[in-house]
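Q: Each chain, letter by letter, is given below.
2 protein chains.
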Amino acid sequence: MQKIRSGQLAALLLGSILTPALVQAAPASDAAIREAALKDDVAWDITEGLTTEVGPRPAATPQEARGREWAAAKLKALGFANVRVEPYKMPLWERVHDEAAIIAPFPQKLVVAALGNSGSTPAQGIEGEIAYFPTIADLQAAPDSAVKGKIVFVSHDMVAAQDGSGYGYYGAARRQGPSIAARKGAIAILVKSIGTDHHRIAHTGVQMWADGVTPIPAVAVSVPDAEQMARIVSRGQPVRVHLTAVSKTAKDQPSGNVIGEIPGSDPKAGVIVAACHLDSWDQGTGAIDDASGCGIVAAAALQVAKAGTPRRTIRILFAGAEEVGGNGGRAYYAAHGKEPHALVLESDFGADKVWKVDFTLPSGHEGLSARIAQGLAPLGIVPSRDKAHGGSDIEPLVEAGIPVIDLQQDGTRYFDIHHTPDDTLDKIDPAQLRQNVAAWAVTLNIAANAPETLGIN
Amino acid sequence: MQKIRSGQLAALLLGSILTPALVQAAPASDAAIREAALKDDVAWDITEGLTTEVGPRPAATPQEARGREWAAAKLKALGFANVRVEPYKMPLWERVHDEAAIIAPFPQKLVVAALGNSGSTPAQGIEGEIAYFPTIADLQAAPDSAVKGKIVFVSHDMVAAQDGSGYGYYGAARRQGPSIAARKGAIAILVKSIGTDHHRIAHTGVQMWADGVTPIPAVAVSVPDAEQMARIVSRGQPVRVHLTAVSKTAKDQPSGNVIGEIPGSDPKAGVIVAACHLDSWDQGTGAIDDASGCGIVAAAALQVAKAGTPRRTIRILFAGAEEVGGNGGRAYYAAHGKEPHALVLESDFGADKVWKVDFTLPSGHEGLSARIAQGLAPLGIVPSRDKAHGGSDIEPLVEAGIPVIDLQQDGTRYFDIHHTPDDTLDKIDPAQLRQNVAAWAVTLNIAANAPETLGIN
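Quick note, the sequences are listed as chains A and B, same order. Note that the first sequence ends on residue 457 in full-length UniProt numbering; no numbers are left out. Note that the second sequence ends on residue 457 in full-length UniProt numbering; no numbers are left out.
Each hint should be verified, as a subset may be incorrect.
In silico lysine-lysine, BS3-like type, Cα no more than 30 Å apart, as pairs [claimed, not checked]:
#1 A:39 / A:338
#2 B:39 / B:353
#3 B:76 / B:109
#4 A:76 / A:353
#5 B:76 / B:306
#6 B:248 / B:184
#7 B:387 / A:109
#8 B:76 / B:248
#9 B:268 / A:109
#10 A:353 / A:387
#11 A:89 / B:109
#12 A:39 / A:89
#13 A:338 / A:268
#14 B:89 / B:39
#15 B:306 / B:39
#16 A:39 / A:353
#17 B:89 / A:248
#18 A:184 / A:251
#19 B:109 / A:76
#20 B:89 / A:109
#21 A:109 / B:184
#22 A:251 / B:353
#23 A:184 / A:109
#24 B:109 / A:109
#25 A:184 / A:268
Calculated from the structure, these hints are not laboratory results.
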């Protein structure tokens, strides 16, 4: 109870944005749900089970299909209603073999991982001289003659941030670098991993070729290897690299979403979608990205159900193929976009604790956001002045104007792990995972039972 | 000066072991050497240069030979006298290709690295059912029937310790596990990495086959993969693994030691050997193991030389082939064991700060150890009651009774990195590296100028 009093005090101190909530007592069930969720085992069970019994789940592969089977069986066993797999087809890009080495002036191996949609080298690899650019701006500014026929190496100085904001900025080296290098005539590109760790693990991730660009091999280099490359380049001698990055592609491969529901009592009140993604990159077992997100949303929905039938249906969306472009989110929208949606939320930023909450609600709903903020305060979560934006799995719904709430997780160590072989179960802190479940359970419970009208803004 | 006063106070508080030192003022040069060493760049230059311009340096390979060339040129350039390479021949074991995957019940790849002297699989690998043993004692106690025809998997629960003492105890799984498994009829052995990290990097390391044992493939599994294996085994279904660990061997390959000297004024006073090793494992660039050790001993010797010609010759030994069995240390002893040696020291435990000092000196030399302890105290280093034992590179000298001092480094994070791909330059903290140089410079200066007689205990 001390915690709740502290939370109310915090809400008081936050001033006008929260004032409407204070005229109304926090629902008694908030505290009960929060306390029950802090003892939750379901989120761990899902995260542990999916990463152990399925392992890596790259989009449009048989492993992702095993993930769907596993998840559908699990959601049924947990008591979700209307559990189903909704299939769709999509193109497949698949890693076959990556290998790289500096061959001159100081021969040594490099740890690399092809980026999604990388062009393939021949099996025997390719060889070329390095053209080094400390930043993507340097690459962009370079004349074609400095790049043509060479292997571009782009570095950057990404630093960790609690809100993960470095990813958008520094990620340009991965997202745009390959197309820029290909247009200037490079034979391949090495990108310093978009990561904040110092381990010999490369961070993969998707990149899309700009229109009219012929794909070239595009690989990430581990952070220590990228630093080593920069040191070697600084010696002033030409640096030659041998690169093998064999991949394959296929059209119209099966992927799909898995859906389960906690049915609500008022079908006209609109559905709340709580999303995560089931696919992962191939290098790790997708524990923080995003098995834990699926564990959190499912566990939280069950906590709400345990407290009684909510007004609104809570629909759990375990989306497919998020990593390679959000195919699952688009497929969901194509199938369900015309149904009444009250609110959407997504958990896809690891399993470290939620530290703030952002809202994008219809105007006049300050009372709802204040009640949610009040329910979250005992968990150490503060409301922000930022708008909520959601993520890939719910992007089409958010773009269509459905209200969205972001329970923002601490991303300080997220980019140490994300898209690397290190994304494994041991990185999940069970206590922080439970705090996520509690934050989600409180939020879903208040929103699902809210008397306000919710829907298109 | 404040620091020196604190040091004297600490020495006073330590009681009787240090009392003799207090009758004699600390040499004025101690403080000057310590302060100069704390600004040293030579240790970093050697560590950075060797890891960047040579990279990995496995024993008896051309890369180790490049390391010798590099080191000899560097020691000459730094002004060492009598710089030479002392060659010897030795057997070579070399990694060719490692790959492993669980194929049932939950197919997924495993990160592995063959241990030194591992038997080789055929190129297409081998397949077998896992026989899991939580500890080496469990393997030892198992009947042959539980092991025969299977792939043994041995786990353990190593935890980090400042003095690195977990390595000796838990390392038995790597050192004895393969021979025990082979004797019981296993077709291969997977050993949980003897490491304290949680990254997808496997810790290699040498193991020697017991007499009469036919080698089997023996590999380390990364810590997260070992935990995953244990979880999968706990599901109760038979676990099948496919393992490829191709290696090759050759007899009579070239290796060698690199030696350089700071000549002393009194040839009869005996030589002080300050050792490190030049070879490294193949997976990383051998930054903490042991380029930094070579940087420390060379930089410290130069600091002593800058202060004036010492009484005793300081001989820097960059030993070859430490990792695979101490061949360089034995070759040194075969060539030089009959020369008069006053004292030996070795730096081979990373580059984190020295925190205590152990002595094994002839009885009656408490004054010398107290003077050294007094010189080290301002660096946060305390004398211990433990005997010094040295390490592989100086083991034959220590066994012959030459006095030894151990400047014990903080090993808390050493086994996160040791023998893995992560042993790279970015793990070195320049400030802690300089503290090592200062500790070594003070120790070498006092010992090299000590009026006491030193030699066989």
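Q: Evaluate each hint against the coordinates.
A: Hint check results:
1. Restraint check for residue 39 (chain A) and residue 338 (chain A): not satisfied, since their Cα atoms lie roughly 37 Å apart, outside the 30 Å limit.
2. The straight-line distance between the Cα atoms of residue 39 (chain B) and residue 353 (chain B) is roughly 15 Å, inside the 30 Å bound, and the hint therefore holds.
3. With a C-alpha separation of about 48 Å, the suggested pairing of residue 76 (chain B) with residue 109 (chain B) is violated against the 30 Å cut-off.
4. Pair hint residue 76 (chain A) plus residue 353 (chain A) holds up; C-alpha atoms about 28 Å apart against a cutoff of 30 Å.
5. For the proposed pair residue 76 (chain B) and residue 306 (chain B), the alpha carbon gap of about 16 Å is at most 30 Å, so the pair holds.
6. A threshold of 30 Å between alpha carbons decides the hint, and for residue 248 (chain B) with residue 184 (chain B) the separation of about 24 Å falls inside it, so the pair holds.
7. Simply put, residue 387 (chain B) and residue 109 (chain A) have alpha-carbon atoms about 41 Å apart, too far for the 30 Å limit, and the pair is violated.
8. Proposed proximity of residue 76 (chain B) and residue 248 (chain B) is contradicted: the alpha carbons are some 35 Å apart, above 30 Å.
9. This hinted pair does not check out: residue 268 (chain B) and residue 109 (chain A) have alpha carbons roughly 48 Å apart, beyond 30 Å.
10. Taking the CA atoms of residue 353 (chain A) and residue 387 (chain A), the gap is about 20 Å. The hint holds against a cut of 30 Å.
11. Simply put, residue 89 (chain A) and residue 109 (chain B) have alpha-carbon atoms about 26 Å apart, close enough for the 30 Å limit, and the pair holds.
12. Straight-line distance between C-alpha atoms of residue 39 (chain A) and residue 89 (chain A) comes to about 39 Å, which puts the hinted pair past the 30 Å bound.
13. For the hint linking residue 338 (chain A) to residue 268 (chain A), the alpha-carbon distance of about 13 Å falls within 30 Å, and the restraint holds.
14. Simply put, residue 89 (chain B) and residue 39 (chain B) have alpha-carbon atoms about 39 Å apart, too far for the 30 Å limit, and the pair is violated.
15. Only pairs whose Cα atoms come within 30 Å are accepted, and residue 306 (chain B) paired with residue 39 (chain B) is accepted, the gap being roughly 14 Å.
16. About 15 Å separates the Cα atoms of residue 39 (chain A) and residue 353 (chain A), which keeps this hinted pair within 30 Å; it holds.
17. For a cut-off of 30 Å, the pair hint linking residue 89 (chain B) to residue 248 (chain A) is broken: about 46 Å separates their Cα positions.
18. Taking the CA atoms of residue 184 (chain A) and residue 251 (chain A), the gap is near 28 Å; set against the 30 Å cutoff, the hint holds.
19. A threshold of 30 Å between alpha carbons decides the hint, and for residue 109 (chain B) with residue 76 (chain A) the separation of about 29 Å falls inside it, so the pair holds.
20. At roughly 26 Å between alpha-carbon atoms, residue 89 (chain B) and residue 109 (chain A) fall within 30 Å of each other, so this suggested pair holds.
21. Our distance criterion of 30 Å between C-alpha atoms is broken by residue 109 (chain A) and residue 184 (chain B), whose separation comes to about 37 Å.
22. Between the alpha carbons of residue 251 (chain A) and residue 353 (chain B) the distance comes to roughly 56 Å, so the proposed pair goes past 30 Å and is violated.
23. Straight-line distance between C-alpha atoms of residue 184 (chain A) and residue 109 (chain A) comes to about 27 Å, which keeps the hinted pair within the 30 Å bound.
24. Taking the CA atoms of residue 109 (chain B) and residue 109 (chain A), the gap is near 21 Å; set against the 30 Å cutoff, the hint holds.
25. At most 30 Å may separate the alpha-carbon atoms for a hinted pair to count; residue 184 (chain A) and residue 268 (chain A) exceed this at roughly 55 Å.
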